[in-house]
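Colleague: The chain contents come next:
There are 2 protein chains.
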Amino acid sequence: MLSKSHIKLITSLKQKKYRLQHSLFIVEGVKTIKELLQSELTLYALYTTESFNIDAKNEILITEAELKRISFLTTPNKALAIFKIPEVKSIEQGGLVLALDAIRDPGNLGTIIRLCDWFGIKDLVCSKETVDCFNPKVIQATMGSITRVNISYVDLELFLNKTSLPIYGAFMEGETVYSTQLPEKGVLVMGNEANGVSKEIEVLIKKKISIPKFGDLQATESLNVATATAILLSEFRRG
Amino acid sequence: MLSKSHIKLITSLKQKKYRLQHSLFIVEGVKTIKELLQSELTLYALYTTESFNIDAKNEILITEAELKRISFLTTPNKALAIFKIPEVKSIEQGGLVLALDAIRDPGNLGTIIRLCDWFGIKDLVCSKETVDCFNPKVIQATMGSITRVNISYVDLELFLNKTSLPIYGAFMEGETVYSTQLPEKGVLVMGNEANGVSKEIEVLIKKKISIPKFGDLQATESLNVATATAILLSEFRRG
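Protein sequence lines correspond, in order, to chains A and B. Just so you know, this note's numbering puts 63 at position 63 of the first sequence, and the rest follows in order with no gaps. Just so you know, this note's numbering puts 227 at position 227 of the second sequence, and the rest follows in order with no gaps.
Possibly wrong hints are sitting among the right ones.
No copy is singled out in the list; a pair is fine if it fits within one copy or between any two copies.
[Unchecked claim] When the alpha-carbon atoms are kept at most 30 Å apart in a straight line, the in silico BS3-like pairs for lysine-lysine are as follows:
| id | residue 1 | residue 2 |
| --- | --- | --- |
| 1 | K89 | K213 |
| 2 | K68 | K57 |
| 3 | K185 | K57 |
| 4 | K199 | K84 |
| 5 | K199 | K4 |
| 6 | K208 | K78 |
| 7 | K137 | K31 |
| 8 | K185 | K213 |
| 9 | K213 | K31 |
The hints are simulated quantities; they were obtained by calculation from the structure and are not laboratory data. Predicted model, so just to flag it, every value in this text is computed and none were measured.
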C-alpha cells in the first residue's frame, strides 16, 4: 500500500533540490533495480508489483495502478526503487578522464555514462552546469552503469587548471582524430550540445581534435554529443 | 487561424497509417523547417507564429496557444510544417550501405540517420520491422539529415540474399573491429536494441564484428545501438 507521504517523497525526487535535500534518487525497471541491488548502493525503499524476495522491511508491494501513479515513465515497468545517493570518491586521474562542459540533455548524459563504463573510464568529471546524473531520465539511460563510474561535479575551469594530465577537446576545427597520436592518460573535454566547449575552457585545451565529415558539404553540421563521445573514446582506446 | 480540419489532419499524422494514406509528415522547429524548405522536399503547409516570408498560400499564421495545441513537443518551437513524403529512390549499393534489422526506438533511428549523413552513407536500408523514419520523434532527432539519406524499407532477408556486396554485422562475439580489414564497399547490419541481429539475418552475415569492452567484467553488457553504429561507421571510414 502506498501512503500519501510515500507519493509525496517520490514525486519530490523528480527535482534536483529534493534529491540533494534527501540524498535519494529514483530507479525504475526490474532489470536495472536488480543490477543496483547487487552493487554497493544502499536501497532506501522498493515499490513493486511482484516481490523481489529481499528483506521485507524495504519492500512495499503495490498494484499496477499505484505504480502508474508514482512512475515517471509512460509505460511503467513493474517496480520503482529509491536508493541513497552514494558519496563521491575523489578523482583518481589514473588513466583517461572524461570531462563534460555543460551537457544539458539527460539522455546524452546517460548514454555517455554507459560509454564510460564500456570503455573503462573510471572518472567522469562534469561542470556544475551539466545535468544532474541522478535525474530519473539519466538513470533510465545508464542501464546500471551509474554504479561503476565515479561521477564528480566540479568547477571545471579549476579542475583543468590543476590537472597535470594533457587536455584534449572536441572541436569542429580540430585536427582529425584519426591521425592524432593519443595518450593512455589524459583528459578529454566534450562541450555543450548547442554551443560546444565554452570560451573559458577552450583556452585550457592543449590539443583540439575532431571527427572528419565524409558526407557532402551540405551534410549535417554536427554529430550528436553522445555519438561523438563514442567515436572519440573508441579512438583513445583502440591504440 | 487553425481550422478543425487542419487540427484533425495534423493529429492523424502522428500515426504511421495516416502518414502513408496522406503521404505527408510533420516537422517541427524553425531551424529544421528552414533546412527542409531548401531541400528538394515539397511543402504542404506551414503553421507558424512568425512569418517565414514564403509563398503565402502555404503559410498559416497561428498563435502560440494554437501551436501548443497541434505540437507533439513539450516545448513547441515557433513553427510546425507538413511536408510531402518523397518517393524512395532505388538503392545504389555504390559504397557502404547501412542495414537496420528491427530498430524500434525513434531516437536511435534519428541519430543513425544523422550519422549516415555525417559519414556520407547514401543508402540506409531498413527491415519492415524498423520504426518509420517519418515518425515525428525520428524527424526531431535527424536535424534535417532525412533529406540527404536515401532510406528504403525492404524485406531485409531478400535484400541481403540478392546483394553482391560483402555483408558485415555487429555481434557481441564478433572479431574486434580494430583489427578487422574493412572494405570501402559493403553492407553493415545493426540489430535490434534488445535482441540484436535476428536468426534469419545472422546466417547471411559474412563477417561478424564487435567493439571490444575495456571496462571490468561487470561493466555494461552492451552499448546503445546508435553509439555502436557511430563507432563502426567511423571504423569503416577511417581507413
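Colleague: Now look at each hint and say whether the structure bears it out.
Modeller: Against the structure, the hints:
1. K89 - K213: For K89 and K213, the Cα distance is within 30 Å only across copies (24 Å; inside one copy 38 Å).
2. K68 - K57: within (22 Å within a copy, 46 Å between copies)
3. K185 - K57: neither (45 Å within a copy, 60 Å between copies)
4. K199 - K84: neither (36 Å within a copy, 42 Å between copies)
5. K199 - K4: Neither: 48 Å inside a chain and 49 Å across chains, both beyond 30 Å.
6. K208 - K78: neither (46 Å within a copy, 35 Å between copies)
7. K137 - K31: For K137 and K31, both the intra-copy (16 Å) and inter-copy (26 Å) Cα distances are at most 30 Å.
8. K185 - K213: both (27 Å within a copy, 18 Å between copies)
9. K213 - K31: between (38 Å within a copy, 21 Å between copies)
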